[in-house]
Amino acid sequence: MRYLPLTDTDRQDMLAKIGAASVDDLFVDVPEVARLDGPIHGLPMHASEMAVERHMKKLAAKNLVAGDVPFFLGAGAYRHHVPASVDTVIQRGEFLTAYTPYQPEIAQGTLQVLFEFQTQVARLYGCAVANASLYDGSTACWEAVAMATRVTKRSRAVLSGALHPHYAHVVKTMAHFTGDTIADAQPAITAEPDLEGLMARIDDDTACVVVQYPDILGRISDLTPVAEAAHAKGALLVVVNTEPVALGAIKSPGEMGADIVVGEGQSLGVGLQFGGPYLGLFAVRDPKHVRQMPGRLCGETTDAEGKRGFVLTLSTREQHIRREKATSNICTNSGLCALAFTVHMTLLGERGLRELAAENHRLACLAADRLARVPGIKVLNTAFFNEFTVMLDGKPAREIVRDLADRGVLGGVSLGRLYPGVEALEHALLVAVTETTTEDDIERLATELEASIAASFQETV
Amino acid sequence: MNAPNKSGWKPAMELSEDGMHNGPATTTGNRALMLEEPLLFEIGRADVTGVDLPPVDTDAPTRLGGLGRAEPIGLVGLTEPETVRHYTRLSRQNYGIDLGFFPLGSCTMKHNPRLNEKMARLPGFADIHPLAPQSTVQGALEVVHQLGYWLCTLTGMPAVAMSPKAGAHGELCGILAIRAAHEARGDAREVVLVPESAHGTNPATAAFAGYRVEDIPATPEGRVDVAALKDRLGPDVAAVMITNPNTCGLFEKDFREIADAVHAAGGYVYCDGANFNAIVGKVRPGDLGVDAMHINLHKTFSTPHGGGGPGSGPVVLSEALAPYAPLPFVRQDAEGSFYLVEEENREERGPTFGRMTAFHGQMGMFTRALTYMLSHGADGLKQVAEDAVLNANYILRSMEDILHAPFAASGPCMHEALFGDKDFTEGLTTLDVAKGLIDEGYHPMTVYFPLVVHGAMLVEPTETESKAAIDQFITAFRAVVTRALDGDEALKAAPYYAPRRRLDETGAARKPKLAYEG
Numbered sequence: 133m134r135y136l137p138l139t140d141t142d143r144q145d146m147l148a149k150i151g152a153a154s155v156d157d158l159f160v161d162v163p164e165v166a167r168l169d170g171p172i173h174g175l176p177m178h179a180s181e182m183a184v185e186r187h188m189k190k191l192a193a194k195n196l197v198a199g200d201v202p203f204f205l206g207a208g209a210y211r212h213h214v215p216a217s218v219d220t221v222i223q224r225g226e227f228l229t230a231y232t233p234y235q236p237e238i239a240q241g242t243l244q245v246l247f248e249f250q251t252q253v254a255r256l257y258g259c260a261v262a263n264a265s266l267y268d269g270s271t272a273c274w275e276a277v278a279m280a281t282r283v284t285k286r287s288r289a290v291l292s293g294a295l296h297p298h299y300a301h302v303v304k305t306m307a308h309f310t311g312d313t314i315a316d317a318q319p320a321i322t323a324e325p326d327l328e329g330l331m332a333r334i335d336d337d338t339a340c341v342v343v344q345y346p347d348i349l350g351r352i353s354d355l356t357p358v359a360e361a362a363h364a365k366g367a368l369l370v371v372v373n374t375e376p377v378a379l380g381a382i383k384s385p386g387e388m389g390a391d392i393v394v395g396e397g398q399s400l401g402v403g404l405q406f407g408g409p410y411l412g413l414f415a416v417r418d419p420k421h422v423r424q425m426p427g428r429l430c431g432e433t434t435d436a437e438g439k440r441g442f443v444l445t446l447s448t449r450e451q452h453i454r455r456e457k458a459t460s461n462i463c464t465n466s467g468l469c470a471l472a473f474t475v476h477m478t479l480l481g482e483r484g485l486r487e488l489a490a491e492n493h494r495l496a497c498l499a500a501d502r503l504a505r506v507p508g509i510k511v512l513n514t515a516f517f518n519e520f521t522v523m524l525d526g527k528p529a530r531e532i533v534r535d536l537a538d539r540g541v542l543g544g545v546s547l548g549r550l551y552p553g554v555e556a557l558e559h560a561l562l563v564a565v566t567e568t569t570t571e572d573d574i575e576r577l578a579t580e581l582e583a584s585i586a587a588s589f590q591e592t593v
Numbered sequence: 036m037n038a039p040n041k042s043g044w045k046p047a048m049e050l051s052e053d054g055m056h057n058g059p060a061t062t063t064g065n066r067a068l069m070l071e072e073p074l075l076f077e078i079g080r081a082d083v084t085g086v087d088l089p090p091v092d093t094d095a096p097t098r099l100g101g102l103g104r105a106e107p108i109g110l111v112g113l114t115e116p117e118t119v120r121h122y123t124r125l126s127r128q129n130y131g132i133d134l135g136f137f138p139l140g141s142c143t144m145k146h147n148p149r150l151n152e153k154m155a156r157l158p159g160f161a162d163i164h165p166l167a168p169q170s171t172v173q174g175a176l177e178v179v180h181q182l183g184y185w186l187c188t189l190t191g192m193p194a195v196a197m198s199p200k201a202g203a204h205g206e207l208c209g210i211l212a213i214r215a216a217h218e219a220r221g222d223a224r225e226v227v228l229v230p231e232s233a234h235g236t237n238p239a240t241a242a243f244a245g246y247r248v249e250d251i252p253a254t255p256e257g258r259v260d261v262a263a264l265k266d267r268l269g270p271d272v273a274a275v276m277i278t279n280p281n282t283c284g285l286f287e288k289d290f291r292e293i294a295d296a297v298h299a300a301g302g303y304v305y306c307d308g309a310n311f312n313a314i315v316g317k318v319r320p321g322d323l324g325v326d327a328m329h330i331n332l333h334k335t336f337s338t339p340h341g342g343g344g345p346g347s348g349p350v351v352l353s354e355a356l357a358p359y360a361p362l363p364f365v366r367q368d369a370e371g372s373f374y375l376v377e378e379e380n381r382e383e384r385g386p387t388f389g390r391m392t393a394f395h396g397q398m399g400m401f402t403r404a405l406t407y408m409l410s411h412g413a414d415g416l417k418q419v420a421e422d423a424v425l426n427a428n429y430i431l432r433s434m435e436d437i438l439h440a441p442f443a444a445s446g447p448c449m450h451e452a453l454f455g456d457k458d459f460t461e462g463l464t465t466l467d468v469a470k471g472l473i474d475e476g477y478h479p480m481t482v483y484f485p486l487v488v489h490g491a492m493l494v495e496p497t498e499t500e501s502k503a504a505i506d507q508f509i510t511a512f513r514a515v516v517t518r519a520l521d522g523d524e525a526l527k528a529a530p531y532y533a534p535r536r537r538l539d540e541t542g543a544a545r546k547p548k549l550a551y552e553g
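Chains C and Z, in that order, give the protein sequences. Per the numbering used here, the very first residue in the first sequence carries number 133; after that it's consecutive. Per the numbering used here, the very first residue in the second sequence carries number 36; after that it's consecutive.
For the record, the hints were derived by calculation from the structure and aren't laboratory data. This structure is a prediction, so every number in the text was calculated from the model and none was measured. The C-beta atom is built at its ideal place from N, Cα and C for all residues, glycine as well. There may be inaccurate statements among the hints.
Computed cross-link-like contacts, DSBU-like style, restricted to lysine-lysine with a CA-CA straight-line distance of at most 35 angstroms [claimed, not checked]: (1) C:149 - Z:502; (2) Z:41 - C:149; (3) Z:265 - C:457; (4) Z:265 - C:439.
Taking beta-carbon pairs under 10 angstroms as the criterion, some of the chain C residues facing chain Z (in silico) [unchecked claim]: (5) 263; (6) 333; (7) 429; (8) 530.
Distance windows between CB atoms, simulated [to be verified]: (9) Z:221 - C:317: 51 to 59 angstroms; (10) Z:41 - C:438: 32 to 40 angstroms; (11) Z:93 - C:356: 21 to 29 angstroms.
The shape of chain C in the complex, shown without the other chains (with noise of 0.2 angstroms):
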């Protein structure tokens, strides 16, 4: 067994020293009723290294490789090219094999790299304090909605329509065990999202607004009146970012007057990874909200010799010291993917996040007006960066999206998936189209769209 150092003779020895006549002394406080006679049936044996790489590679190679297809999925999750150094600094044993710093003494490297980290996240949202990151941003979502009735001692949230589902379903789960009450509305299919709908929907009770930017559609608007209003109320804006590349072309939510900006970091370093690990963000406007922030923080601070160094901090919110009136009860994060989202954004720096973004929206523009030119589909969105809905004719947008699979592309991801049963979005399609898209396969995907609307018809026929 490769991975356990004792032999035999070592343990004899440690027995020895323990007064103990065999192993299963020491298990003498485990009930009768639960001791077993040997290992646990129905699983197998111990095996090489070969055999299970043997076993994981099959595994694997049942799954289509989005890499090897045309491929244009989003919706929350998108696929960018990750430098090859990022990999190769996220497995150096001492950032892969550590804790979190604890003891900052021998944890600097961490630590340097969250402070550098929050840094990076604050500026590309237009805040003033990021943390050291949270699960994904979904849950991150969330959290804001629980800060925001924290800071306004309020317990009602409107969620706009076009937040992701899945965001606005974990939101309401948590709401339903808190007790909160969430406001919430389906996207309404049209060019331009209802902000004015959505500002009419905040009232005097109302913690915040939460909006999404980029919404779940890929439309884009300003959101300074919706900041105007929810401060007028004294509610508190709440802006999503699943897509942080974007903000390498777009105005910061900051900008706009968010107050709390949370979002999913994944496009940059984390890869797809069927949905996770991924990386939270979250991020203040005002740094008087801080202390009732969630989640770890990392903060500057001098030795006792005077020189730079840095530690978690304000740990008081946190649930290790305050117990039940912690601000919230996430302990483990998303260490390594902060890191690989960090040597991402260095490695691109303001001159590469700007390229990538415009490149991002350079292919983007191309697929819409691609797939405009092919019968049977319109481009719903005025505005957007890197990702836009479609709508189709024909059979609802999730069978074209598995016929399109069959024929070798990954199209995109149909509302119909994301919102069950709502025949209005069933024949919307959103596509996502990022710098590893080729002309080739947009090309590719307006022929086979073509192709799949087209066969539809006949089989409705």
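With chain C fixed as given, assemble chain Z onto it according to the hints.
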């Protein structure tokens, strides 16, 4: 007596008054391999990038709704060689398991096998989208299914919720399932009982889920006070959260009796599985009456801690709680295909309490954990628990003659040994011992937790340490403890040899500086 070091090094050099080796100051502040590294924002530049992309065409038409960025973001970049060097230099200021013994109690800092990393990076796992058509991700769904089977079998539980993102998220999942089960019966219970030795996440989770938290005292022997707990049970108690093995390093031998009493009073039993490594493959929590238990894949199943995550916290559930499991979950149909039960599967999803995260959980951790389980097998995992417990008892019995071990008389410990600072010379503390261990080349044990022991030191060696490594640690630990017993004032200023001396944490909190301001 074990030689403190086999490299030939001898403690011959005397320290100067400030505790440092004599030698001239360097111009750079570097000391050979100990290298100072500036902040990214002090060395990066706005116009530099380490990625080759087409330059921005400012004349190209955009469809950004008039929201194009006008102001600089304030980011800086480095070229690839500078990036690799910046992070490599920073990495060397970190302690990790790869570097040495890391006996951080309750955190299970075991070796992270590299096969796990290799398997998680297979494009078939790493490069697939969570919303890809399910026919194209059958292998991924099968991984979730297989891992679920392992977890259910190892715990003797009928169901598992795979989506929770970490241990605390798993706790939340279990407590929400409990609350949903009570609500389904129209039973509005308000209280969750938590032993005072519990992890802080337990009371925080219960409060986050809308419950009032009440403490249950511990007995002098370090276990839950069963009589006090039974006295407190009643129609308002929704659940009891118990860590087993507990944070004092002991098996809760009355767990079954507690569970039966809780069930008789209409409550549920949540078991914090943070310490599952002590019993994996050896004891099935299902045999003890558990209703819900999270499993930290990043502890027991060797996925890396990564400097603070990502973790993964699947939750095994009893028959009573299984119907309330959060979406999504994986099922297998009659033809053998795997599918996700999501919001749309109205018939199948049952009375689920909702959704905890956008997608399906920590797939990247699932592949690593499954790789680890397959490597060890049922026999290897049993050996894991036995060696982990053996190592901890060896440390306990090698230290108890000089270091206060409050529960040493309570019987064998499980996978961690707990000590207290009772006999230290006044003015010297557990923190000083921890910092002294840093100078000796060790990551300190968990300190000041659990709260039930004064100046607690919780030592968890794990099973992946050799006897030689543990013997060397014991030698160092005894030496540092002896200094604390003897009142060695120099210990109060340790560490001397780390990249930084003691850091001013009070100052950091008083005037928080949480981002670079240059």
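Which numbered hints fail: 4, 6 and 9
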